[in-house]
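Peer 1: Residue strings, one per chain:
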Amino acid sequence: MLSRIIIVSASALKGSGPLGAGLVQASRSLHTTSQSLAPVPPLPEKGGKVRHGIFPEEIFQLLYPKTGVTGPYMLGTGLLLYMLSKEIYIINHETFAALSMGAIIFYGAKKFGPGVAAFADKLNEDKVAKAQEVKDVAMASLAQAVEDEKKEQWRAEGRSMIFDAKRNNVAMLLETNYRERLHMVTNEVKRRLDYQIALQDLHRRMEQEHMVKWVEKSVVGSITPQQEKESIAKCITDLKALAKTSQATA
Amino acid sequence: MADRPVAIVEKRLMDVKLGELGTWLGGRDFTPNGIIASVRRGHDRYYNKYINVKKGGIGGVAMLLAGYVALSYFWEYDHLKHDRWRKYH
Numbered sequence: 001m002l003s004r005i006i007i008v009s010a011s012a013l014k015g016s017g018p019l020g021a022g023l024v025q026a027s028r029s030l031h032t033t034s035q036s037l038a039p040v041p042p043l044p045e046k047g048g049k050v051r052h053g054i055f056p057e058e059i060f061q062l063l064y065p066k067t068g069v070t071g072p073y074m075l076g077t078g079l080l081l082y083m084l085s086k087e088i089y090i091i092n093h094e095t096f097a098a099l100s101m102g103a104i105i106f107y108g109a110k111k112f113g114p115g116v117a118a119f120a121d122k123l124n125e126d127k128v129a130k131a132q133e134v135k136d137v138a139m140a141s142l143a144q145a146v147e148d149e150k151k152e153q154w155r156a157e158g159r160s161m162i163f164d165a166k167r168n169n170v171a172m173l174l175e176t177n178y179r180e181r182l183h184m185v186t187n188e189v190k191r192r193l194d195y196q197i198a199l200q201d202l203h204r205r206m207e208q209e210h211m212v213k214w215v216e217k218s219v220v221g222s223i224t225p226q227q228e229k230e231s232i233a234k235c236i237t238d239l240k241a242l243a244k245t246s247q248a249t250a
Numbered sequence: 001m002a003d004r005p006v007a008i009v010e011k012r013l014m015d016v017k018l019g020e021l022g023t024w025l026g027g028r029d030f031t032p033n034g035i036i037a038s039v040r041r042g043h044d045r046y047y048n049k050y051i052n053v054k055k056g057g058i059g060g061v062a063m064l065l066a067g068y069v070a071l072s073y074f075w076e077y078d079h080l081k082h083d084r085w086r087k088y089h
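Sequence lines, in order, name chains A and B. In terms of full-length UniProt numbering, the first sequence has 47 at position 47, counting the first letter as 1, and numbering is strictly consecutive. In terms of full-length UniProt numbering, the second sequence has 44 at position 44, counting the first letter as 1, and numbering is strictly consecutive.
FYI, nobody ran anything at the bench for these hints, they're computed from the structure. Each hint should be verified, as a subset may be incorrect.
Stated by the list, open to error - To spell it out: a stretch of chain B is covered by chain A in this simulated footprint if at least three of its residues, at any positions, have a beta carbon under 8 angstroms from a beta carbon of chain A; those stretches are:
hint : segment
1    : 12-19
2    : 24-37
3    : 58-68
As the list claims (entries may be wrong) - Pair ranges (Cβ atoms, derived):
hint : chain 1 : residue 1 : chain 2 : residue 2 : range
4    : B       : 77        : A       : 62        : 49 to 57 angstroms
5    : A       : 123       : B       : 86        : 46 to 54 angstroms
6    : B       : 12        : A       : 150       : 30 to 38 angstroms
7    : A       : 51        : B       : 77        : 26 to 34 angstroms
8    : A       : 115       : B       : 41        : 34 to 42 angstroms
Here the structure is a predicted model, which means the values were calculated and not measured. C-beta atoms are modelled at their ideal positions from N, C-alpha and C, and glycine is treated no differently.
The shape of chain A in the complex, shown without the other chains (with noise of 0.2 angstroms):
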């Protein structure tokens, strides 16, 4: 419990990660080996064994071949009879004091121990959980600028239709520019023609109507007088015998 603030802290002392990877950093530096360190190998979950929290569990472990289950306290128990006896360790008020705060370390060790160790762990959890996701968004932005880059590489190849749309393109404007120049050019011929046709008509027209009109005058021209006289007096006799005619059948 108390080990894990001590992390907190000397982890904020070294300035790294809770990985202590400035410290790993630091001795690779110096080491002139290939030895690789990355990835750095993660934390063990549980530090080294203690019993009765200052007592490490090799020393169980050691005896338990010799002397079973009940060794290491009976040598416990024997050194401390033979130090109190011989007054190596010697009974004065600090005993008294030392008991008395070894009794309250207890009890609060007990009491707030989880606690605290709930504390620690969550500011670790959060450390780790930034850090992984610095990571996480770091991976995400690369994987997706591997995306852009295959999109960009799938883009290029379509750089050769791209060269066919416009060949085509131009193709088809410089086909229809020449279509509409050969309309231009025959529409401007048939003008011309019509206007060739045009004037010929007019030509021939006016030369007919001239001719008629020249024909009528002097036909006009050539009726004498004395023919004119005797016309009309013909014309009055024929309409004479006409009113007779009329007025008999009336």
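Using the hints, position chain B against chain A.
Peer 2: Only chain B this time, still in chain A's reference frame:
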């Protein structure tokens, strides 16, 4: 576990046989740099075993404090001798 022959001096203390103890002691590096290096090694071993873990317990720090208490008692013993209850043991 005899994979390849290791020089006596480089063996760990627990692997050194009793007869080789003299050679082993003679070959260790007692220069200041060597001492500092061995202190650092010991510190790293203790740290990585008991403190630099995800779920450490009270043991890592408590052992250090207990060791400190014991050591300070040892250093103060000459002063504490006067508080003895009996003169002869």
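Peer 1: Now tell me, hint by hint, if it's right for this structure.
Peer 2: For each hint, the structure was consulted:
1. By the rule of at least three residues with a Cβ nearer than 8 angstroms to a Cβ of chain A, the coverage given for the segment 12-19 of chain B is violated, with 0 such residues.
2. A count of 0 residues in the segment 24-37 of chain B with a Cβ less than 8 angstroms from any Cβ of chain A is obtained; the coverage claim is therefore unmet, three being the minimum.
3. Using a Cβ-Cβ cut-off of 8 angstroms, 7 residues of the segment 58-68 of chain B lie near chain A, which meets the minimum of three, so the contact claim holds.
4. Checked against the given bound of 49 to 57 angstroms, the beta carbons of residue 77 of chain B and residue 62 of chain A, roughly 28 angstroms apart, lie outside it.
5. A hinted range of 46 to 54 angstroms holds for the C-beta pair residue 123 of chain A and residue 86 of chain B, which are about 53 angstroms apart.
6. The supplied range of 30 to 38 angstroms is broken by residue 12 of chain B and residue 150 of chain A, whose beta-carbon atoms lie about 54 angstroms from each other.
7. Checking the proposed 26 to 34 angstroms range against residue 51 of chain A and residue 77 of chain B shows it holds: the Cβ atoms sit about 27 angstroms from each other.
8. One distance hint, 34 to 42 angstroms for the beta-carbon pair residue 115 of chain A and residue 41 of chain B, holds here, with the actual separation near 35 angstroms.
Hints 1, 2, 4, 6 from the earlier list are contradicted by this structure; the remaining hints agree with it.
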